[in-house]
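S.K.: Full structure from sequences and hints, please.
Protein chains in written order, with our numbering: chain A, 132 to 507; chain B, 2 to 67.
Hints were generated in silico from the structure; no laboratory data involved.
Some hints here could point you the wrong way.
Covered stretches of chain B, as calculated for chain A (at least 3 residues, CB under 8 Å) [said to hold, decoys possible]:
#, segment
1, 9 to 20
2, 23 to 37
3, 40 to 46
In silico DSS-like links for lysine-lysine, alpha-carbon gap of 27 Å or less [stated by the list, open to error]:
#, chain 1, residue 1, chain 2, residue 2
4, A, K157, B, K24
5, B, K9, A, K378
6, B, K43, A, K188
7, A, K279, A, K262
8, A, K437, B, K9
9, A, K473, B, K24
10, B, K10, A, K157
11, A, K199, A, K209
12, B, K43, A, K157
13, B, K43, A, K209
14, A, K220, A, K278
15, A, K278, A, K231
16, A, K199, A, K188
17, A, K209, A, K220
18, B, K24, A, K378
19, A, K220, A, K194
20, A, K209, A, K279
21, B, K43, A, K473
22, A, K378, B, K10
23, A, K378, A, K262
Pair ranges (Cβ atoms, derived) [stated by the list, open to error]:
#, chain 1, residue 1, chain 2, residue 2, range
24, B, E13, A, E398, 26 to 34 Å
25, B, S42, A, T252, 28 to 36 Å
26, B, R31, A, T285, 43 to 51 Å
27, A, S379, B, A6, 19 to 27 Å
Beta carbons: idealized from backbone N, C-alpha and C, even for Gly.
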Amino acid sequence: MATEELRVDCDIDSIDALSREAETLKARLEQERSQLNDVDLSEVAQRLDPLPPFIMKARRILKGHQGKVLCVGWSTDKRHVVSSSQDGKLLVWDAFTTNKEHAVTMPTTWVMACAYGPSGTVVACGGLDNKCTVYPLSLDEDPATKKKLVGTHTSYLSCCKFTNSDQQKVSTNSDQQVRVCCRRSVPTQDQQKVSTNSDQQVRVCCRRSVPTQGQQILTGSGDSTCCLWDVESGHMMQCFHGHSCDKSIMVWDMRSGSCVQVFDGHESDVNSVKFYPSGDAIATASDDATCRLFDRRADREVGCYKKESIIFGCNAVDLSLSGRLLFGGYNDYVVHIWDVLKGNRVAMLYSHENRVSCLGISPDGTPLCTGAGTTP
Amino acid sequence: MSSVAQQKKAVEQLRIECNMQRKPVSECVRDMVAYMEEHGSKDRLVLGFPNRKDNPYLEKSGCAIL
Numbered sequence: 132m133a134t135e136e137l138r139v140d141c142d143i144d145s146i147d148a149l150s151r152e153a154e155t156l157k158a159r160l161e162q163e164r165s166q167l168n169d170v171d172l173s174e175v176a177q178r179l180d181p182l183p184p185f186i187m188k189a190r191r192i193l194k195g196h197q198g199k200v201l202c203v204g205w206s207t208d209k210r211h212v213v214s215s216s217q218d219g220k221l222l223v224w225d226a227f228t229t230n231k232e233h234a235v236t237m238p239t240t241w242v243m244a245c246a247y248g249p250s251g252t253v254v255a256c257g258g259l260d261n262k263c264t265v266y267p268l269s270l271d272e273d274p275a276t277k278k279k280l281v282g283t284h285t286s287y288l289s290c291c292k293f294t295n296s297d298q299q300k301v302s303t304n305s306d307q308q309v310r311v312c313c314r315r316s317v318p319t320q321d322q323q324k325v326s327t328n329s330d331q332q333v334r335v336c337c338r339r340s341v342p343t344q345g346q347q348i349l350t351g352s353g354d355s356t357c358c359l360w361d362v363e364s365g366h367m368m369q370c371f372h373g374h375s376c377d378k379s380i381m382v383w384d385m386r387s388g389s390c391v392q393v394f395d396g397h398e399s400d401v402n403s404v405k406f407y408p409s410g411d412a413i414a415t416a417s418d419d420a421t422c423r424l425f426d427r428r429a430d431r432e433v434g435c436y437k438k439e440s441i442i443f444g445c446n447a448v449d450l451s452l453s454g455r456l457l458f459g460g461y462n463d464y465v466v467h468i469w470d471v472l473k474g475n476r477v478a479m480l481y482s483h484e485n486r487v488s489c490l491g492i493s494p495d496g497t498p499l500c501t502g503a504g505t506t507p
Numbered sequence: 002m003s004s005v006a007q008q009k010k011a012v013e014q015l016r017i018e019c020n021m022q023r024k025p026v027s028e029c030v031r032d033m034v035a036y037m038e039e040h041g042s043k044d045r046l047v048l049g050f051p052n053r054k055d056n057p058y059l060e061k062s063g064c065a066i067l
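M.R.: Put into structure tokens, the structure is as follows:
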């Protein structure tokens with residue numbers, strides 16, 4: 132009995148000591164970060180020329196889904212688009228002609244994630260079935276007959292991405308990192324189904340890939356983990372634990388599976404994350420009606436894009452080719468476009484009649500594809 | 002996992018984060034601006050198309066030679 136009490140005491144002591152150390156470290160971190168905050172992004176931007184007037188029109192409307200479009204992805208050929216919807220369908224579009232080239236009916240509704248493979252011949256998707264499935268695209272056969280199960284999570288699949296070996300050429304430094312971000316699904320009407328399953332989901336996006344012999348897929352799930360899978364064998368190669376539903380953004384090393392950086396700042400759940408094209412910064416979108424920019428080298432937030440008139444959460448974010456423009460898809464049915472440097476809004480796109488749930492810019496940087504309501 | 006182990010892990014993580022190399026914001030912003038200037042000429046969403054015909058998504062005009 133006496134020894135047990137002693138052990139408990141000892142535990143409490145070490146917990147106290149550890150929390151004290153954690154507090155000290157946090158304070159040090161905060162201090163170091165603020166010391167390096169020597170200039171404001173908008174101050175630098177004042178010296179720059181303003182952007183030319185922004186002109187953008189809705190060129191194509193891809194109609195066909197019976198429910199809310201949950202995810203869109205561009206092919207590397209800059210022409211094809213894959214989209215997935217609440218109605219359980221996965222559609223592959225030719226964006227030029229607006230024809231549907233393939234349609235796959237999934238064994239589940241709420242297909243929350245889809246992605247085009249870098250080769251342009253496969254698509255991956257998943258949703259409430261907790262699985263990540265790959266479908267090869269060929270004109271002769273029904274893709275559903277050739278489907279391949281790659282990975283299974285213990286909760287729904289919230290996002291999937293191929294690790295893209297082409298991007299290695301773009302990246303200048305050799306560290307390979309995955310950016311992952313946590314999100315608690317809000318109990319809105321649309322997502323009630325989701326939140327009963329689990330209240331956590333992880334968003335993944337891969338910036339730099341490991342030298343891929345075979346292909347690999349990254350998935351994020353409602354079980355608040357993120358996994359790297361091998362497409363050929365279906366083996367899990369790396370699992371990233373650590374999200375705890377805390378409004379933070381975590382950067383992971385894909386080789387070791389460890390977290391290398393954590394960014395805080397958002398006041399509500401983070402819905403979407405994208406790497407800045409150079410790989411040194413991360414753009415995020417959150418339910419607190421802001422988009423933010425975090426610099427990885429300065430290890431802090433450098434930009435916050437908000438306006439008093441914007442009170443609705445932002446679901447999706449993407450950056451233009453040079454990273455000058457930031458596109459946010461909001462719950463007020465509008466896509467707001469921000470000047471990343473000056474921090475002001477340059478334009479608004481009104482073409483949707485429902486919440487903008489996803490958006491993506493084509494690899495060549497020209498067309499923007501948005502998904503919402505029933506029309507992507 | 003016990004709470005001690007959890008706390009230990011959290012402290013480890015904070016130590017890693019404390020030990021990382023940081024750069025001043027001014028330097029990072031300068032690099033960001035340089036990246037934008039370097040790639041800005043290719044960014045059609047910023048500049049638009051120099052010639053309307055370059056836009057592959059533009060509707061073709063009504064007449065066509067058959």
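S.K.: Determine for every hint whether it applies to the structure shown.
M.R.: Results of checking the hints against the structure:
no.: 1; hint: 9 to 20; result: holds (count 9)
no.: 2; hint: 23 to 37; result: holds (count 14)
no.: 3; hint: 40 to 46; result: holds (count 6)
no.: 4; hint: A:K157 <-> B:K24; result: holds (18 Å)
no.: 5; hint: B:K9 <-> A:K378; result: holds (22 Å)
no.: 6; hint: B:K43 <-> A:K188; result: holds (19 Å)
no.: 7; hint: A:K279 <-> A:K262; result: holds (10 Å)
no.: 8; hint: A:K437 <-> B:K9; result: violated (37 Å)
no.: 9; hint: A:K473 <-> B:K24; result: holds (21 Å)
no.: 10; hint: B:K10 <-> A:K157; result: holds (14 Å)
no.: 11; hint: A:K199 <-> A:K209; result: holds (24 Å)
no.: 12; hint: B:K43 <-> A:K157; result: violated (42 Å)
no.: 13; hint: B:K43 <-> A:K209; result: holds (15 Å)
no.: 14; hint: A:K220 <-> A:K278; result: holds (14 Å)
no.: 15; hint: A:K278 <-> A:K231; result: holds (19 Å)
no.: 16; hint: A:K199 <-> A:K188; result: holds (22 Å)
no.: 17; hint: A:K209 <-> A:K220; result: holds (22 Å)
no.: 18; hint: B:K24 <-> A:K378; result: holds (24 Å)
no.: 19; hint: A:K220 <-> A:K194; result: holds (13 Å)
no.: 20; hint: A:K209 <-> A:K279; result: holds (25 Å)
no.: 21; hint: B:K43 <-> A:K473; result: holds (20 Å)
no.: 22; hint: A:K378 <-> B:K10; result: holds (19 Å)
no.: 23; hint: A:K378 <-> A:K262; result: holds (25 Å)
no.: 24; hint: B:E13 <-> A:E398: 26 to 34 Å; result: holds (27 Å)
no.: 25; hint: B:S42 <-> A:T252: 28 to 36 Å; result: holds (32 Å)
no.: 26; hint: B:R31 <-> A:T285: 43 to 51 Å; result: holds (45 Å)
no.: 27; hint: A:S379 <-> B:A6: 19 to 27 Å; result: holds (21 Å)
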